[in-house]
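Participant: Read off the chains here:
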Amino acid sequence: MSINISETLTFECETGNYHTFCPISCVAWLYQKIEDSFFLVVGTKTCGYFLQNALGVMIFAEPRYAMAELEEGDISAQLNDYQELKRLCLQIKKDRNPSVIIWIGTCTTEIIKMDLEGMAPKLETEIGIPIVVARANGLDYAFTQGEDTVLAAMAHRCPERSLLGDEREETIQDQAMRNLFPLLPLRKGGVNPGPINNLKKHSPLVLFGSLPSTVASQLSLELRRQSIQVSGRLPAQRYTDLPSLGDGVYVCGVNPFLSRTATTLMRRRKCKLIGAPFPIGPDGTRAWIEKICSVFGIETQGLEEREQQMWETLRDYLDLVRGKSVFFMGDNLLEVSLARFLIRCEMIVYEIGIPYLDKRYQAAELLLLQNTCKEMCVPMPRIVEKPDNYNQIQRMRELQPDLAITGMAHANPLEARGINTKWSVEFTFAQIHGFTNARDVLELVTRPLRRNNSLEDLGWTSLIKGEKK
Amino acid sequence: MKLAYWMYAGPAHIGTLRVASSFKNVHAIMHAPLGDDYFNVMRSMLERERDFTPVTASIVDRHVLARGSQEKVVGNITRKDREERPDLIVLTPTCTSSILQEDLQNFVNRASVTSDSDVILADVNHYRVNELQAADRTLEQVVRYYLDKARRQETLDRSVTDKPSANIIGIFTLGFHNQHDCRELKRLLQDLDIEINQVIPEGGSVQDLRNLPKAWFNLVPYREVGLMTAIYLEKIFGMPYVSTTPMGVVDTAECIRQIQRHVNKLALVSLDRTFNYESYIDQQTKFVSQAAWFSRSIDCQNLTGKKAVVFGDATHAASMTKILAREMGIHVSCAGTYCKHDAEWFKEQVQGFCDEILITDDHTEVGDMIARIEPSAIFGTQMERHIGKRLDIPCGVISSPVHIQNFPLGYRPFLGYEGTNQIADLVYNSFTLGMEDHLLEIFGGHDTKEVITKSLSTDTDLTWNYESQLELNKIPGFVRGKIKRNTEKFARQNGIADITVEVMYAAKEALNA
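For the record, the sequence lines run as chains F and C.
Be aware that the first sequence starts at 1, since it is given in my numbering, and climbs by one per residue.
Be aware that the second sequence starts at 1, since it is given in my numbering, and climbs by one per residue.
Calculated directly from the structure, the hints in this document are not laboratory data.
Note that the structure is a prediction, hence the values are computed from the model and not measured.
We put the CB at the ideal spot given by N, CA and C, even for glycine.
Covered, in the sense of this in silico footprint (three residues per stretch, anywhere, with C-beta under 8 Å from a C-beta of chain C), are these stretches of chain F:
no.	segment
1	33 to 46
2	68 to 75
3	135 to 142
4	398 to 410
Could you build the full structure based on these sequences and the hints that come with them?
Facilitator: Below is the structure:
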């Protein structure tokens, strides 16, 4: 391949015939994240079947989610939606007593125009449990965007910031952090951060995007090292602990698929958005922290060394991936950030497929991608929005990438054709944020390469009978 | 609206897709929103398919909602026709398209003008039928379509093969051990000197469907899928069919005898001879299959009267109930199925082989039934396996819905004579090994260190004194929980607060009585 470095990124848009998970799958991780919630998916057997199969064993663990399965009577409006939902929600209240019920609207509720947003407030007062409505349907969204719709809906439920209350909250939060990490040295070879009042006073910062709690603590810790205090998270561990928002609160996203949430926070809650690259990979994490610090006028300390240190620890994996090529088929919106990280790892990215690209919300990430490409002297990858899987497979036949990051529908067939694959879904569920977890990303990326290294000499890479053209 | 956590049978379109993608060179196009193509994941992951699943979606998005699909569906059909050159394209409606009420038949008509492939619209209604019913219907629809077409083109050859031959109908993708069953059935028919005319839909070609009537008879191994097709072929071509599932020693013999009757009717006329399979049945039963011998062996004796619960699809649950009760002397406390549409048949099959019958598609009802009965083993689906895990009762999986471990690489048929061996292993391994059980009882169990904290019963004010605790610890681990629960139940019923060894024995006696 001729190295032809184009100066700018190229964006394309295909037919949108691609495979991805339905956005209702967000209940899988959100119900675990928000401990006192209950997710009610108002949809059909199709939705239920997807959840049941996609979530595998979780389904047997008495999950805090259920289907409100619509029957023919509901579709033809022989039954009263409000009465039906009331009946189910009362049952949920009786059985589980959650602090919030989240209704997930689906394609069906859209098509029959069930007025979930209208019914929720009425029912809420009647049964005494908050009801949040999120329309996470396959008509409008893909996979992780489901979380975006839930968080955007939840942003409306965050309490309004009152100065007095916040001071207290910060102290409590901080105390909690200290309890969590009493033994960790907070800065290598440097001075330990002193008591709370040593932290620089800055406007409150709320991070949005759900993360496993250990990852959330790790990121808070990184910020604390720069004397930045995270005053709240959306979502919080419990619905009752949602952060207070309002004028003067700074918000920053941790995931690339949260553009609606970002918009809601800015427009409806008057928060200030910090547009930063996402903390995926050591480069991303550093850029993310730097951006936040620059907004608060804080000079970063030891961040470059910290990043360098991380790269050192990744050396064995970097040796494996160097010079190898990657093809992202696109299904979870993490693609740009991951591609940027992998390019920094000296990989070559042929194509970044992505379901939807919000160029404003991802602006900083796109810029970092562009700069990374220039710095590493590799061609800018083509970014294909709403990709067409059939066309992509034809392109892959031409390009023969060393690794395809793809959904499970294509993984086995591609492997049978001698193309290494990594399931993209794993990036959604694995811990990939922050310095600490950069290794996990590479662990995932290199797994097919490592596995296939050990099988290399066996002579059975391509395992299909002559394919017709 | 129904509050649902889990379902046994999937939505209708899954059935249609399973049939369509089982045929060779047939492509299905779903009229569905983004994300509804989860079927491809299941096929690729569970079946470990090497080929791309021939299913794509004609995406229903916001624009379609506003303006209708317009050219989109037709465009997608003609595009797929160009790209893959399939013999047949099946347009598959989903729950979404059911409500949109677009005239999909019209799209099909338009697309079939421009494309070389045949195009049909699967005749299934999401809100009326489930996965299995839809599969049955779609298979019949495809067969009917090609036979009608052959008749119109006058390419239909109505003569039968010279030698006895059979079609096997209903083997398809994501079916429970279907691939293995198919191989076993082929072997069985080969042993009986019967040629295989066609196997549909798995691996079948729609172009060959016109030759279906050349077979002497049809074999429909599974109740759920294929029966409609067999009945159609009987009605139009007078083809007889055998629908007895050859699962278990007795039913396999019964199935072979039925085959013999059908074959002989024609053989007498065209070959001037008859076949007698009795010696084959005898030979296989006594010496090839180990199941008959197993049922006489000491091992199986130890299973006598043990309680079991069976739940699954109609075919497997009914056959399993009969095998357990009739061939192994196991006490089936409850047999059930989620195939509500086939309840009558199921009841008739298991009548007399079990204490009670449960027809439901609500897994909590099944769970409650199992908790109440406390069987020594469960034979059910993956759901029952998990119920069993919670209650500490072993479970053998005998029916869909299934997980990846139910798609074994090794040869594991459930049908035919090798199937009887596999089932015997499954049953025997599911029950706590007979001898081990016996020895543990004699020597008071080997895991006496285990503390008895795991229990399903609610916390009570019942206290166990030192001796009774000691006694309880002597009971083998796998029945300890049950004894504890029973004793506490007994104590509560009799207003006893302190549990002594005496109370334990009294409870045991009361329950045995």
